[in-house]
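Chemist: What follows is each chain in one-letter form.
Number of protein chains: 2
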Amino acid sequence: MADDKNFALSCPTPIANYEQILLAHGGGGKLMRQLLESVVLPALDNVHLQSRHDASVFVVGNQKLAFTTDSYVVSPLFFVGGDIGTLAINGTVNDLAMAGARPLYLSLGLILEEGLPVETLSRIMDSIKKTAAEADVQIITGDTKVVDRGKGDGIFINTAGIGVVEHSLDIVPGSVRPGDAIILSGDIGRHGIAIMAQRAGLQFETTIESDCAPLHTAVQKLLAGGIDVHCLRDLTRGGLASALTEVAQQARLGMHIKETAIAVCEPVRSACELLGLDPLYVANEGRFVAFVPENDAERALAILKSEPVSEMSTFIGTTTVDDAGLVLMTGTIGSTRIVDMLSGEQLPRIC
Amino acid sequence: MADDKNFALSCPTPIANYEQILLAHGGGGKLMRQLLESVVLPALDNVHLQSRHDASVFVVGNQKLAFTTDSYVVSPLFFVGGDIGTLAINGTVNDLAMAGARPLYLSLGLILEEGLPVETLSRIMDSIKKTAAEADVQIITGDTKVVDRGKGDGIFINTAGIGVVEHSLDIVPGSVRPGDAIILSGDIGRHGIAIMAQRAGLQFETTIESDCAPLHTAVQKLLAGGIDVHCLRDLTRGGLASALTEVAQQARLGMHIKETAIAVCEPVRSACELLGLDPLYVANEGRFVAFVPENDAERALAILKSEPVSEMSTFIGTTTVDDAGLVLMTGTIGSTRIVDMLSGEQLPRIC
Chain A
103 MADDKNFALS CPTPIANYEQ ILLAHGGGGK LMRQLLESVV LPALDNVHLQ SRHDASVFVV
163 GNQKLAFTTD SYVVSPLFFV GGDIGTLAIN GTVNDLAMAG ARPLYLSLGL ILEEGLPVET
223 LSRIMDSIKK TAAEADVQII TGDTKVVDRG KGDGIFINTA GIGVVEHSLD IVPGSVRPGD
283 AIILSGDIGR HGIAIMAQRA GLQFETTIES DCAPLHTAVQ KLLAGGIDVH CLRDLTRGGL
343 ASALTEVAQQ ARLGMHIKET AIAVCEPVRS ACELLGLDPL YVANEGRFVA FVPENDAERA
403 LAILKSEPVS EMSTFIGTTT VDDAGLVLMT GTIGSTRIVD MLSGEQLPRI C
Chain B
103 MADDKNFALS CPTPIANYEQ ILLAHGGGGK LMRQLLESVV LPALDNVHLQ SRHDASVFVV
163 GNQKLAFTTD SYVVSPLFFV GGDIGTLAIN GTVNDLAMAG ARPLYLSLGL ILEEGLPVET
223 LSRIMDSIKK TAAEADVQII TGDTKVVDRG KGDGIFINTA GIGVVEHSLD IVPGSVRPGD
283 AIILSGDIGR HGIAIMAQRA GLQFETTIES DCAPLHTAVQ KLLAGGIDVH CLRDLTRGGL
343 ASALTEVAQQ ARLGMHIKET AIAVCEPVRS ACELLGLDPL YVANEGRFVA FVPENDAERA
403 LAILKSEPVS EMSTFIGTTT VDDAGLVLMT GTIGSTRIVD MLSGEQLPRI C
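Same order as they appear, the protein sequences are chains A and B.
Be aware that the first sequence starts at 103, since it is given in our numbering, and climbs by one per residue.
Be aware that the second sequence starts at 103, since it is given in our numbering, and climbs by one per residue.
Do not rely on the hints blindly, as some may be mistaken.
Because identical chains share one entry, a pair is satisfied inside a single copy or across any pair of copies.
Straight-line alpha carbon distances no greater than 30 angstroms define the calculated DSS-like cross-link-like pairs of lysine-lysine that follow [as the list claims (entries may be wrong)]:
hint : residue 1 : residue 2
1    : K232      : K360
2    : K232      : K166
3    : K132      : K323
4    : K132      : K231
5    : K407      : K231
6    : K231      : K166
7    : K360      : K132
8    : K132      : K253
9    : K232      : K132
Just so you know, the hints here were simulated from the structure itself, not pulled from any lab data.
My request is simple: use the sequences and hints to build the entire structure.
Modeler: Structure, rendered in structure tokens:
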């Protein structure tokens, strides 16, 4: 997951003008960034947070490790293609993967609302077991809290994850270089639309399944293939647009991308049209972008295409010295627009 | 914090008879144990959970590390002697300390309710900053989620922690031996009564302050002093009674303790009488028990007394081969009673 793992921030933004927390403060966009910068970050500032990435890398003895956390508050708890348990495992596995770490151990913190059917908890625990086994991680510590009826929403889950970094690359936005190829690992928008459909009881012609999946195997293959990976970022809250914008700002580089290279499957496209959503901002849970040097680009693409989770990988653009901090997208008829970070809240409680 | 870090379980208990989650499922007592055993543990079983301790210890390369997590849902958010931020740091630091680990890094997961005053979040972040600095830990990764109004309760916090284990002891219930001295690090019941007083708007003659404090320095001193520490357990939900009972059951040993050796300060004693609470079951956030071999006992006590956080340490009893799994307490007039684990819920949302 996401954008605020390391409380990723870069350009100065004005102090928060809001006196109360809004849903949009959790949306992965501008307002969240403002909150983090004005309230959360000042209390935490340390060198580890400066990498501005999904997981923090630290060294103990001679061992390089990665550490990350995410809370999951998705509503509804169950959706086509997964549930809160699937998300809680894959989301944290993916944050470790985005640092190029091999996920090892997870923690599991459950916040249960009084009145939650035990049967619901059982189903979620089954998902957790299955998903952790698939991702080859072990849950080695946990905690259970119960809050009174009306003070929670069934179940919230936090997972933190530890992974081992077995390479010498520094996979962070700051490593991105001008001319890097930007690879997108698949079509976008499935997770957000799957949740939205479930929530609104919408029936589309085709059932849209969340893309929720573990990404570490694809990343491990890139590393094993000797690709000089500069940066990785999974697309979660705020979608492709927010992920690219964040990296552009943190790397102080521009990005030129092509709309025609970005795959959106027909059912997601139709649903977005119907709902007035821009697929660039819709959340994903099994997609990422990779920044690799031009020389390695073709080989990196071939490796990603050989993995089922990233078999639809495409080049979507390149990084540039010009337009630093901006993502420019050339559309189907050749016009170019600036892709901005998500403003406000598109779909609350998407993960 | 506590009792279910490693989903600590030992004796078989009957399958959960409840169809819905009750507040008591989060109380640190029998019902929580039943829920963990019947629903949570079966999905997670692995060798790391068998240590049944506050933190899990694992090895990467040649490095021994400890990992733990806790969510904090305390109500009210602010109380005499601390707030949810203080708890979130010290609680996780203490779980690492109970494995004899030196705390290094923490994660911070915030679940905010729409409408939370930003001012409240700022105050909590200030506490987090101050408490982390005092405990000498760095928060290196985090996450922020927002849930809609009425689906949370202001703020819930999860912290996970990583520590380094720099000794060769196996500090777990299974290492406790018959004849071990049991040391209690101070008077009990302050945290629970401080919360209760705040919640009920009770005025006692003396203000009772939570004992919330980091315990790792005291533990590090025991280890540096060469004490052969067998087990450590901090007293949180379920109080001293639940901590001792858990260790007795997990170690398959008895414990004989003396009521007169257990300090309860006068204001806590009065408040417990007034409220009909047994101090043995009242939560603490800065107290622990240490199990050490008889030969090391006097030295261990002297070391603990030299640290402010544990200066009131006393011997409260010894472990025995007899009465395995039971904690027997001799009272002021010489009668003996069995100290059982907490049944039901004494004070919900105490941490």
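Chemist: Now tell me, hint by hint, if it's right for this structure.
Modeler: Results for each hint:
1. K232 <-> K360: For K232 and K360, neither the intra-copy (38 angstroms) nor the inter-copy (47 angstroms) Cα distance is at most 30 angstroms.
2. K232 <-> K166: Result: close both inside a copy and across copies, 28 angstroms intra and 28 angstroms inter.
3. K132 <-> K323: neither (34 angstroms within a copy, 47 angstroms between copies)
4. K132 <-> K231: This pair counts as between: shortest inter-copy Cα distance 24 angstroms, intra-copy 35 angstroms.
5. K407 <-> K231: within (28 angstroms within a copy, 45 angstroms between copies)
6. K231 <-> K166: Close inside one copy (27 angstroms) and across copies (26 angstroms); limit 30 angstroms.
7. K360 <-> K132: So K360 and K132 pass the 30 angstroms test inside one copy only (24 angstroms; across, 59 angstroms).
8. K132 <-> K253: both (28 angstroms within a copy, 23 angstroms between copies)
9. K232 <-> K132: between (35 angstroms within a copy, 28 angstroms between copies)
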